[in-house]
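**Q** Quick mapping for you: the protein sequence lines, in order, are chains A and B.
Under the working numbering, read the first sequence as residues 5 to 729, first letter to last.
Under the working numbering, read the second sequence as residues -14 to 483, first letter to last.
Because the hints were derived from the structure by calculation, they are not lab data.
Every value quoted in this text rests on a predicted model; they were computed, and no experiment measured them.
Where hints are given, some of them may not hold.
[As the list claims (entries may be wrong)] Quick list of simulated restraints, FRET-style, between CB atoms:
| id | chain 1 | residue 1 | chain 2 | residue 2 | range |
| --- | --- | --- | --- | --- | --- |
| 1 | A | LEU226 | B | ASN112 | 28 to 36 Å |
| 2 | A | LYS187 | B | PRO123 | 38 to 46 Å |
| 3 | A | ILE119 | B | LYS374 | 55 to 63 Å |
| 4 | B | LYS234 | A | ILE119 | 29 to 37 Å |
| 5 | A | LEU226 | B | GLN82 | 50 to 58 Å |
| 6 | A | LYS187 | B | LYS430 | 33 to 41 Å |
| 7 | B | THR402 | A | LYS246 | 39 to 47 Å |
| 8 | B | GLN145 | A | LEU124 | 27 to 35 Å |
| 9 | B | ALA257 | A | VAL131 | 51 to 59 Å |
| 10 | A | VAL131 | B | GLN145 | 49 to 57 Å |
| 11 | A | LYS187 | B | TRP242 | 16 to 24 Å |
| 12 | A | ARG39 | B | TRP242 | 20 to 28 Å |
[As the list claims (entries may be wrong)] In silico lysine-lysine, DSS-like type, Cα no more than 25 Å apart, as pairs:
| id | chain 1 | residue 1 | chain 2 | residue 2 |
| --- | --- | --- | --- | --- |
| 13 | B | LYS420 | A | LYS89 |
| 14 | A | LYS78 | A | LYS120 |
| 15 | A | LYS120 | B | LYS430 |
| 16 | A | LYS195 | B | LYS420 |
| 17 | A | LYS189 | B | LYS274 |
| 18 | A | LYS89 | B | LYS260 |
| 19 | B | LYS234 | A | LYS199 |
| 20 | A | LYS385 | A | LYS414 |
| 21 | B | LYS260 | B | LYS148 |
| 22 | A | LYS120 | A | LYS187 |
| 23 | A | LYS198 | B | LYS260 |
| 24 | B | LYS420 | A | LYS189 |
| 25 | B | LYS129 | A | LYS108 |
| 26 | B | LYS260 | B | LYS274 |
| 27 | A | LYS216 | B | LYS129 |
A virtual CB, placed ideally from N, CA and C, is assigned to each residue, including glycine.
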Amino acid sequence: MNPTGPLGILEEKEEEHLSTPILGPSVHSENSQERIQARRLRIAARLETRRREALGEYLDGKKESEEDQSRSYKQKEESRLKLAKLLFCGTELVTNIQVATDIKEIQRRVEEEEIKRQRLEKLENEVKTSQDKFDEITSKWEEGKKKKIPQELWDMLNSQQLHCAGLIEDKNKLINELQQELKTKDDQYVKDLKKQADDICLLLERMEEQVKSVMKTFRQELVHIEKAFEMERQELLANNKKKWERALQAHNAKELEYLVSRIKKVEEYERQLNKQRIWDCEEYHMIKIKLEQDVQILEQQLQQMKAIYQLNQEKLEYNFQVLKKRDEESTVIKSQQKRKINRLNDILNNLRLKYTKQIKQFQEENHSLTSDYKRLVIQFKELQRAMRRFAITDDEKFREIWLMNEEEAKGLIGIALDVDKIICTHHLGLPWTAPDLWFLKNIGPISQQFKKSATEIVEEVLMQTEDEGPEENVSEAGSYLDLPKQVSAKTTRKLLMLLCDESGFLIESKLLSLLLPLEKSECYLLRLDAIFSALGIESEDDLYKLVNFFLKYQAHHLPGNQDQSSVAVGLQSEKFSLEAGKKENVPEGEQEEKEPPPSPRLIHPNDVLKVLEAFVMGLNRPRDTGMPLKVWKEVRDNSKDSEYWEALAQVLPVSRQNLWDALYTALEKYHLILTERAKLLVENSSLEQQNTELQMLLQQYLGSKINSQLQVPPTQVFRVPNKGS
Amino acid sequence: MQENPTSQATSNHGLSLETNQSPTSVGPATDSTLQPVKTNTVTPLVKSKGLNAANARRMRRIIAEDAEWTLAIVPQLTELCIQHIVKNFQNNPILKQLIPAHQQKVLDHLSPDLPLAVTANLIENENYWRRCCSQRWPVCHVSKHGGSWKRLFFERHLEQLVKHFIPGTTDPAVILDLLPLCGNYVRRLRVDQFLPPVRFPTQPRDGDHQSDSGSEGDMEEPAADHYPLRDLVAGLRHLEELDLVYGVKDCGMNFEWNLFLFTYRDCVSLAATIKACHTLKVFRLTRSKVDDEKARILIRSLLDHPALEELDLSHNLIGDRGVRAAAKLLSHSRLRILNLANNQVRAPGAQSLAHALAHNVNLISLNLRLNCIEDEGGQALAHALQTNKCLTTLHLGGNELSEPTATLLSQVLSVNTTLTSINLSCNRIGLDGGKQLLEGMTDNKTLLEFDLRLSDVAQESEYLIGQALQANREAARQRILSPNQLSPTINGPENPAG
């Protein structure tokens, strides 16, 4: 019960296992084993410390031979082991007390158990004996009841009392014994308490000692380890220093070596220098002598030069004098010139002034003139416009008048012809044929036929050739009349095709794409149109020119045809230059030539471009003169007009007029007769009319109502005549 | 004459002014001229700092005349505010709203006597709680309380309250009021004293009864109940350790057996308490006269406890039946440490423990010191250890073991590789037993401690065993070092200590 307290405390403190092996209070422990152990530990610890001390001094000498690193490591390991041992032993020492207490407790328990058992036994025995005694006493009571004699009873009671007293005494003794035991136990308990208090004190003391010693040893070990490290460091330092010194020495030796070698080298160089110097000296002397000689020669030359110089100087002085004079002269001239210049300058200024004035004047004039000119130009333009308008109106009027007259004439002619016709057929009984007159068909004023545009021609050509097909040389069609005779439609067509194929570059690409879906001929047409517009070909003539040019070019350049066409070429070339001026003559001239197309083989496609180029060059020239010609073109010729009108007037020939005169007279006679007849006829008719009127009156009388009222109606009277009528 | 009002005026507002004034008072001529000015200027300045700008001119004049006087003497407004906060902290605790530097200042000046209701959940600062602790207790081992002064304060405070709680006399609210304050911080409750209820009139009669017959305890028990921990423990959310001793300390000459009574009701209430506490890891109930019945009740409540790791029922009166219950607990919990030292365990109890131990995989430490399991129990345990792969520490000191157990243990030593510490001190192993243990030790490479003191073993074999242990220890040290690949120069002497 009580030991639990201290034991618990011990247990708690067990954790702080600290004690000193050197100081052995446990030597005084009651337990022999503990004492032995304590002593042994103490001895071990002492040995340990001694050994360590010995080693500590001994090591210094010894360890130097060993590895440098191992020293500190060994020291640490050693310290560690030592401290571990110290701690372990200390813990054991401290716990020894607990163990001792434990075993004491166990012994106590065992003893206690034994005593308890004995006590129980004793008590049981006592109970038994006392029970026996009690039984005896109780049995005697039975006996006592039987006894009647007071003496006996008293005796018995006495004895009984004695027994009881004995029993009680026994019990009391037991109680006393037990109380005694209790008292001893109490004492024991107090003693135990004291003992345990001592134990705890001891424990504490040991702990403290342990703490102290452990601290001390730890410090010592720390110092040792530090010392070891220090030593190691010093050793290392020493080693390094040695190494350093060795290196330094080596360095010094090398330095010395270098020095010696350097001195040697210096000497060597000095020798060489001396040698060089001597050699240089000799050379120097030699050069000096040579140079002195040179100097002498040069001095001689110098003397010569000086003489020449003297001569030259004199010459120059003379020249100088001459020049001075000249200079003076020139100054005089210069001043004169200057004066002249001044004068001229004045004149110039005057002239300038004049000039500016003039300029102003002229400018003003110019201005006025230009304004005049402008005005005139405007007027002229207006005049032109008016003229044009008048021309147009004149034309129109002319045309209208023409038409009116023509119509009138034609009407008259028609009447005349009709009359003629009637006369011929009715009166003369002759067959009449209408005179076939060209002017009858003409309507409107006679004029030059309009030039067709190049494209129209082309179109015609193309259409025609297509229509005609195989008929190659037939080119007498009406519209074809105006084509130059020497150029067949076929050739033209071919040429145009060629041109179309070769000069595609002249056509705009946009147009090409548009042409794709069209018909072939149409396509050609449009292409040619584009090409012509690019080349500047506008009119029919241009086109013919082109075709001719082609043909001529071909003739020129074909060697085979050259001889034949040489004359023609000459003519043609002449005409070519004239063509622009005389368009009317072109067909005539050409007709004269009657040159057939040189060959069926046309120009080579490669040459087309060259030809074109040449043509364009040629075409551009005549174009320049085209403008005034156009104005002139518009004046129509009236040479044929009178002829026309004459023709119109004489639509009936003179013979016929004579015939008419004769016929007139005859007819007049016939007329007279007829008129007489007519008079007779009128007379006749009036008579007839009188007759009818009379008949009517008769009828009226017959038909009137009075007749019916009459006894005898007239009708019946006139029945028979009526019937006859 | 002039000195008095100024000193009064300045002493109200800090010492710095007062110290500053001493040099000025050297010349009496200056005194008379300066002092009135000072009294006029300094006091309003100190009282209202806002006037600083307005009084700039006057201040400059003062400085011109008195070189020693500076504005630094005047306490800053923040200082004043902090002082005020400190002064009124009890009524108006302002702490969290302050910037850290000011918080620190406030905490430094707070009095440790402030009511816990104010401080408990507001102040986390360790320094403050350190001051509280050192004011109340001269010795404080903060390392035993997880290094937290706050925890230390509350644990000890609560322990003290429970210790001095007298059922029926003290108001239970004293403790329960504290619960919401300390519930978050208390992790361990270590109560080594439970006072019984005081009953003056019956006290002498009790004594009579006790002296006459102790068997009448049943009738008296309801009256002798101690403080029920149920409500308290239920309020402590993080409680991990419960260390109780049902007894009275320092009773002196008032000793009565009745004072050390762990009643049946106490036991039932305690059992329910620990069953409800799921965070409990360590439960200690020592020196409390726990007998078989009570032990069974307690252990039954601990069956399948989710967290319990250590159970300490040492210094009680537990016999074989109680130990059988403990053996059952071994297989129904995750118990790692079991301490049954100084009980009344005999062979049957040890056998049942051995049976449970044979297949246990949790228990690493078993303490059966000062019991009486004798050879039968010892042999059973040794057999169990041949199959057990978990136990590392076994204390069988003072168990009347002898040679047969030693023989079996030597076999165990050569087979088992987990045991690191065995204590067989205070047994009767004998010389032969010692030799056999030595034989077993030669094959063992893992045992680090083997206590054979006072067990009649020959010194020679004990010494040799010690050598073997030393070798094992070295090997273990190397094993610890080698995986870390640390050079042995780094941790030299510290290692064996650890």
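**Q** If a hint holds in the structure, say so; if it does not, say that too.
**A** The hints, checked one at a time:
1. LEU226/A to ASN112/B: 28 to 36 Å: holds, 33 Å
2. LYS187/A to PRO123/B: 38 to 46 Å: Since LYS187/A and PRO123/B have Cβ atoms about 41 Å apart, the given range 38 to 46 Å holds.
3. ILE119/A to LYS374/B: 55 to 63 Å: Check failed, 44 Å falls outside 55 to 63 Å.
4. LYS234/B to ILE119/A: 29 to 37 Å: holds, 30 Å
5. LEU226/A to GLN82/B: 50 to 58 Å: Given range 50 to 58 Å: holds, Cβ gap about 51 Å.
6. LYS187/A to LYS430/B: 33 to 41 Å: At 56 Å between Cβs, range violated.
7. THR402/B to LYS246/A: 39 to 47 Å: violated, 53 Å
8. GLN145/B to LEU124/A: 27 to 35 Å: violated, 45 Å
9. ALA257/B to VAL131/A: 51 to 59 Å: violated, 44 Å
10. VAL131/A to GLN145/B: 49 to 57 Å: holds, 51 Å
11. LYS187/A to TRP242/B: 16 to 24 Å: Check passed, 19 Å falls within 16 to 24 Å.
12. ARG39/A to TRP242/B: 20 to 28 Å: violated, 39 Å
13. LYS420/B to LYS89/A: holds, 24 Å
14. LYS78/A to LYS120/A: Violated - the C-alpha atoms of LYS120/A and LYS78/A are around 60 Å apart, more than 25 Å.
15. LYS120/A to LYS430/B: violated, 45 Å
16. LYS195/A to LYS420/B: Outside the cut-off at roughly 38 Å; violated.
17. LYS189/A to LYS274/B: Holds. LYS189/A to LYS274/B sits at ~21 Å (cutoff 25 Å).
18. LYS89/A to LYS260/B: Violated, at roughly 45 Å.
19. LYS234/B to LYS199/A: holds, 21 Å
20. LYS385/A to LYS414/A: Measuring from Cα to Cα gives roughly 41 Å; hence the hint is violated.
21. LYS260/B to LYS148/B: holds, 22 Å
22. LYS120/A to LYS187/A: Between LYS120/A and LYS187/A the Cα gap is close to 15 Å, so the pair holds against 25 Å.
23. LYS198/A to LYS260/B: Violated, because 42 Å separates the two Cα atoms, which is more than 25 Å.
24. LYS420/B to LYS189/A: Violated, at roughly 40 Å.
25. LYS129/B to LYS108/A: Violated: LYS129/B and LYS108/A sit about 32 Å apart, past 25 Å.
26. LYS260/B to LYS274/B: Distance of about 21 Å is within 25 Å: holds.
27. LYS216/A to LYS129/B: holds, 24 Å
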